[in-house]
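Heads up: the sequence lines are chains Z and D, in that order. Numbered per the working numbering, the first sequence spans residues 1 to 793. Numbered per the working numbering, the second sequence spans residues 794 to 1896.
Don't take every hint at face value.
[To be verified] Okay, derived cross-link-like pairs now, DSSO-like style, lysine-lysine, Cα gap no bigger than 30 Å in a straight line:
#1 Z/Lys334 to D/Lys1894
#2 D/Lys1484 to Z/Lys212
#3 Z/Lys334 to D/Lys1597
#4 D/Lys1364 to Z/Lys172
#5 D/Lys1601 to Z/Lys204
#6 Z/Lys356 to Z/Lys344
#7 Z/Lys73 to Z/Lys212
#8 Z/Lys167 to D/Lys1597
#9 Z/Lys167 to Z/Lys413
#10 Z/Lys441 to Z/Lys348
#11 Z/Lys35 to Z/Lys593
#12 D/Lys1575 to D/Lys1601
#13 D/Lys1238 to D/Lys1364
#14 Z/Lys167 to Z/Lys728
#15 Z/Lys348 to Z/Lys73
#16 Z/Lys366 to Z/Lys564
#17 Z/Lys204 to D/Lys1364
#18 D/Lys1575 to D/Lys1484
#19 Z/Lys172 to Z/Lys348
#20 Z/Lys728 to Z/Lys91
#21 Z/Lys564 to Z/Lys441
#22 D/Lys1601 to Z/Lys212
#23 Z/Lys212 to D/Lys1433
#24 Z/Lys356 to Z/Lys441
Please keep in mind that the hints were generated in silico from the structure rather than gathered at the bench.
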Amino acid sequence: MSAADPSAAPAAAAVADPDGPDAVRLTWNTWPRSKVEASRCVVPLAATISPARVPDPSAASPPPLPYPPLRCKPPCSALLNPFARVDFAAKIWICPLCFSRNHFPPHYAAISESNVPAELFPQCSTVEYIVGGAGVPGVGCAPAPPPPVFLFVIDTCVIEEELEYVKMAMRKAVALLPEHALVGLVTFGTQVHLHELGFSDLSKIYVFRGTKEISKDQILDQLGLAGAGRPGFPKMPQQLGGPQVNGMHPPSTAGVNRFLLPVSECECALSTLLDELQPDQWPVEAGNRAIRCTGVALSVAAGLLGACMPGTGARIIALLGGPCTEGPGMIVSKDLSEPVRSHKDLDKDAAPHFQKAIKFYDGLAKQLVSQGHVLDVFASALDQVGLAEMKVAIERTGGLVVLSESFGHSVFKDSFKRIFEGGEQSLGLSFNGTIEINCSKDIKVQGIIGPCTSLEKKGAVSADTVVGQGNTAAWKMCGLDRNTSLTVFFDVSPSERSSQPGHQNPHLYIQFVTSYQHPEGQMRIRVTTICRKWVDGSTNTEELVEGFDQETAAVVLARYISLKMEMEEEFDATRWLDRSLIRLCSRFGDYRKDDPSSFSLHSNFSLFPQFMFNLRRSQFVQVFNNSPDETAYFRMLLNRESITNSVAMIQPSLISFSFDSPPSPVFLDVASIAADRILLLDAYFSVVIFHGMTIAQWRNMGYQNQPEHEQFAQLLQAPHEDAQMIIKGRFPVPRLVVCDQHGSQARFLLAKLNPSATYNSAHDVAPGSDIIFTDDVSFQVFCEHLQRLAVQS
Amino acid sequence: MASSPPQQQPPPPFAAQNLTAQGPVQVPPGSGAGALPGAFANLQISRGAAPPPGAPRGLTPQQAPPAFAARPGPPPAAARPAFPGSPPAPPFVRAPTAATSASPPFGGQPGLVSQPLPPFGGPPGAASQPPPSFGVPPGVVSQAPPPFGGPPAAVSQAPPPFGGPPATASQAPSPFVGHTVAASQAAPFGGPLVAGSHPPPFGGPPVAGSQPAVPPRPTFPGHSGPMAAAAAWTQPTPPSFGAPQQPPPPFGSRPVGQPPFATQSAPVAQQLPFMGPPRANAPAFGPPSWQAQGAGSGAMQPPMRMPGIPGSMQPNTLGPPGTPTIPYSPHAGTQVSTPSKIDPNQIPRPMPESSVIIYETRQGGQATIPPAASSEFIVKDTGNCSPRLMRCTVNQIPCTGDLLTTSGMPLALMVQPFSLPHPSEEPIQLVDFGEMGPIRCSRCKAYINPFMKFVDQGRHFICNLCGFRNDTPRDYMCNLGPDGRRRDADDRPELSRGTVEFVATKEFLVRDPMPAVYFFLIDVSMNAIQTGATAAACSAIAQAISDLPEGPRTMVGIATFDSAIHFYSLKRAQQQPLMLIVPDVQDVYTPLQTDLILPVSECRENLEQLLESIPNMFENNRVADSAFGAAMKAGFLAMKSTGGKLLVFQSVLPSLGVGSLSAREAEGRANITTGDKEAHKLLQPVDNTLKTMALEFAEYQVCVDVFLTTQSYVDIASISVVPQTTGGRVYYYYPFSALSDPAKLFNDLRWNISRPQGFEAVMRVRCSQGLQVQDYFGNFCKRVPTDIDLPAIDSDKTVMVTFKHDDKLPENVECGFQCALLYTTVYGQRRIRVINLSLSCTNLLANLFRCADLETQFACFLKQAANGIPTSPLPRIRDEATNTCINILQSYRKHCASVTSSGQLILPEALKLLPLYTLALVKSVGLRTDGRLDDHSYWISLVSSISVVLAVPLVFPRLIPIHDLISRDDDDSLVPSPLMLNSENVQEDGIYLLENGEDGLIYLGNMVNPATLEQIFGVSSLAALPVQLALDQFDNELSRKVNEVVNEIRRQRCSYLRLRLCRRGEPSGDFFRSFLIEDKAPGVFSYVEFLVHVHRQIQSKMT
């Protein structure tokens, strides 16, 4: 009998990779046993998992296993994992989650203590299986993996210059695509143009009007594809496993040949098309916005994919240059006198198109999910394009989203390029993922926040209370990539039996089973099984504290609160956060009642108040500083990024470069500004290089070009190099802002800093430093209040 | 043009004629009738007294020459300078050269066709110019026929001259050349020529002189000799008019009677393909000289002659109504027993009119009675408009409504504002009042016209329509002369001409004049592709592009459709056009705002290339559905901003999308034969969808023409609503044949876009107080009661306007009518064409009958009948038609001929043929009970805009033997005189062409000489004949002649006949026989029986 040491793995791995080999982080690594205890923990029991994360190459992880996994008998259906007890003699394994005994199948006959399959290796708490892929022994005549499908949806209601940028980006993209990838093209403005790439006689375009909502069946009829995809994709995509690929052949090869062609065959046609592409020809009346029918364009794209490619991985890549002003999904009328909705309008229910548009995109999301397709949006406009409304469709399908000001901006250009790049830089775009969660008894899943959709398969693990996508035991991720991260909220609900102290198992197990279409085309199943300890929280606060992960907790809270802000009207986020923090501090702080000065926190909690302080000030909570589109954008990224990245969104990092010292992190405080420093701020969405006044003067005088001041040149260069490092590894590519102290762009830095010095306190500011014009409280004041309130009886 | 008054010259020629005619001329109507009785036992034909000598008919030397001026070039014949006739550089003419060389109007047969292109009337200039070329002074002409005379003379004496032509023909690609020339010359004066082959060119007169008896008309008889079939009636013809008898001899010598037509055709030939023709044909059927002319230009009226003749003939006794005897048996078996004293040879029938009439619209301060619409005449506008543009059912207006009611006749105008002028006529003058705009009555807004009376030293003028006294604008002031007319009246067209055009000022523009936009819509559904209809349409369009008006304002667009609509953006430098598909056919839209319609100069190459590739592109199309309505709507949307012409080529029943239709025919066929009372409902549009659509089209000035190239039922009843509402028409090719129809399709299309026409037109007819417009009939859209909107109007379209009295008209004042048509020319000028007609009023019923215009009235009856078909059972329509005829005749009998015995059937001279035409109407395709629904609907749609000239032939076709074209020989005439429509004239060893302006049925007897077959069809036996006929020209004279005849007819009718082979014993043969009007058919009267019936009815009413 062998069982891995449950707690060893996470602890050891944490050092190398904050997310560990399993790419799973929990808010609490030790769990209270009862509901009451759990609620007293304030920070919910939650796990974040990146199901397609490529483990750090340095950590020698086993190659994918070329055979299908073993499953526990239903209803558990958990997969065989290192935590299972194995009776080699009897050829039996006991599922750690449900304790059922399962016989090994005949082909495991050779199993012995010295010959165990990889999935039982202790370090293989995460393991991948290849199923149904080509060339896999034992699977036989599996068909070649389906090619990836890219259906571009391009907005032509843009000025010539922008369109040129789009064309440039498209040409690059086409050149980067693998030859066998299928490509389709939809352009739209006042009307939707679906280009039939497979028609050689002349350029053939199906034109759909922008004003009318058009059902999928109508689209099929009108494209002459009716009957092709009609029987449709079953509402629930298949279970895990190979049959999915095999059974899901594109029903309509005719449609495929007409509208979606391998790059190798249509490269020429595409480039001609791009050359000829003109800004929308429909006139824009004075005082009006261009008429843009984004909604119908996306419907058409979805309908086409539904007809040609149901169940096969496909992306709709939409390049949007402005708001939808007509037809379904419209967010604002074409009359310029009507401004695009703001948060204020939404609050006051004064956005007449908002709910309708949401409803439309919700429907679109459902359709895409049922087809297994992804919607990516690249919005490049000074105005809002309606991301707030589209969010539902993008997030549910696991799509990518990039918001920038122009198609000529590097944020767009570089991000767009990256999705087609392979190799090290690859995003690892995968399709058609499904994630299932198996847990020990007593643990229920409330739901998931992140880029996925509930498959509405209610199971034993489904909790009654729902957070995000809940009420199910399986979720669909039409698109996922290396960074995709989900936040799973758990609920502890001890059953009668398990409440009997005698039978208590000290360990809890959670298993995440993800099946997805790997970028290389094969279907893979990835299994991550984690084991954590139960703790009796009422008696042993110490253990709970030890298991607290403050970064994860901060991110989970941020995600949770974002969700609440969206879902609940009149929700006061700041207040809620404050109260939670106070409760947490009261619960886990070390203090004497009513004596603020006695207050202290365990090191595991030490950063948490600061996270909360910055979260309160962040774009996630202070939405009124942003447009609804930006808010939606920030939240979508917050919800899908890894913990590390998400923390950067909440609390940017600040590094100082100066002659005095090597680059070093400094406080995110206005006091960190100095005339002879260069600061590098990483706020995730933007990277700011901030030159102190003196540095800026030197630079302006050109010292860096003088050989004797080479050191200065190096100093100037250093933050840029660091910034490039950051930018390179990130998607979407952050916006790089280079600014000088007192320059207008400096606001990108100042907005993020703790206002320890404001115009109110200007008198005691050190020379060369800076002040912030705000009435916001500083962190010091915040903490004083916190201490006072936390210790109140 | 004619500077010298026509009268002067004419006199001599006519003198001779007058001799014959004199008596009658002066005879008052009543007396005229009286004179005859002796001759006719029961049947009387009273010809109205001829009005005061009208314009002399005959040729004004000058005019005549003009036409042919070029031709004289005998030598030329060979050279065949481009149409001799054609003016140097007539506006439209560009065609000439080009046309000649390459594209004949009816491309089918290049050679033949070439000439047509012509000049349409549009450019009046053309017409006017010719004369100059001939330059022969009038005087000269008259005296020296030689110039032209060459031909004529030749003709008369030596056929050779004409013989020449053929030869030329052979050499010259265009057969006509030779001929035409000859013909043309003759034509103008031709009348005479024909008459006597002997006669001198202008000969009318001369000849006459020599052989007094032989006035032009005789022609007919002449041929008869030659024609076997004709025999039966040949002699008889004359009956009515003795003249014939004498003539025969002369003609006897003459081979076939081609002359008559030939001559006439000639003019036509030279002109444009079509333009000439209309008139030309007239002669063919033209009411015999007696009748038409009797009414018309009294001066020359031959009518007089007749009187004498009748006497000599057997009396036209119809005998006791009950027992007519028909001497011959029309149709096997049908003859039955109709004992009668009626000699079928004596009953009224149309006589061909052969001479050209010079017609002055007013003389001596009075309106003259216009010549028959079907005759050939040259109009001199002396105050009233040309009758081609507007003519009235009666040429004197009854003072009271009661009088009109009593007469039983309709009061209506037939307005054909763009009718083709005779080449020798003066063009309509354009008047530009500059900023001021045309002078108008400030009360009724009538336009200035010759009948507005200037008073008070010219300071005021009194409107002739409403009587309002207007101030004369200062700038327009002019002193009055001693005669009370303005001194400048003769210099100002608007004060001296019945028809003028004004340049429209800004107040007539709601927007800039629209460009000429042509949008083609082609059905590419499976059926259309497989039957070759798509290819035919594409090729027709490709060929026709060059006929579009030139200039930067001519725009084209194209789309194809099956279950979706495919637009093409032709702009773009790139090689390939862009195809934009609109797949939503329930709720269509246009895929682009611009670029779908481009100036033809910018996209011509792309368009041609596209048209070439369309048939291939859709070669494998398996889509059977056709979204016709949706496609029209989409095309409309594309051209909504400008308006224009939408030309739709449709091949199957529209089955999809907006305005889709269902096959109603199956039930329809059953019902219609069983006489279901509801049967006519199938001739109504199935619902309002297309009508609503059409109204919208019209609002945006889009005119739809539909070309139905189909092999099945397409529900024309529903489809035709669109063209009818938008000023277009339906073209019908059933059953479509890829072999024989493409040529017709092309020629129809070409004529459609190249004929004189205008866009975005609004028309209003005003009339004197006392009358008011009752209704308008035709292809247009009517939104307000007073105006009609015509998105497009062309030379073929006629609008009927009916009037009713709302007060009593004073007898001593003329009643005025003014039609004002505001339109945009194809070159983008906004103009107002104002057409005036002022007729005297009368309180005498007899005057009404005397001045009745048979053909106009008949056109009116025809339209009314067609109008009623969809809403009433057919038998009722037939009864109504018959009753109308009976009522008129009975009114005449009762009020104007009461002195005669009640046992006689007395017919007013002017309406002598009314019974015959009425019978033809009752037997026409539209009023028959059998037949396909679509045929009925098509007929109805055709009639709604048909002109007076084509109305009669449509129901009363022309029957021409073609097997003996050669043997009858040789001279100038192209089309032999028609045979009467009864089966006696159809021999089993003959081949006949029966044409009604739409269809040409070629009937082959069972005993046709194989050699003849070989010559005409290139096959040696009947069995080898193809089902579908494409009339090729073979290298032999007969074939050449046949083709010449067919082409001549096409030209005359402005229509490329659909030729069909009919064989005895096959359904096609029965179909052919159904056009033999005079025969008895099951359930329908023979002509004789019908007369008896009418007579009996009248008698019963009288008692």
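Looking at the structure, which of the earlier hints fail to hold?
1, 3, 5, 7, 8, 10, 13, 15, 19, 20, 22, 24
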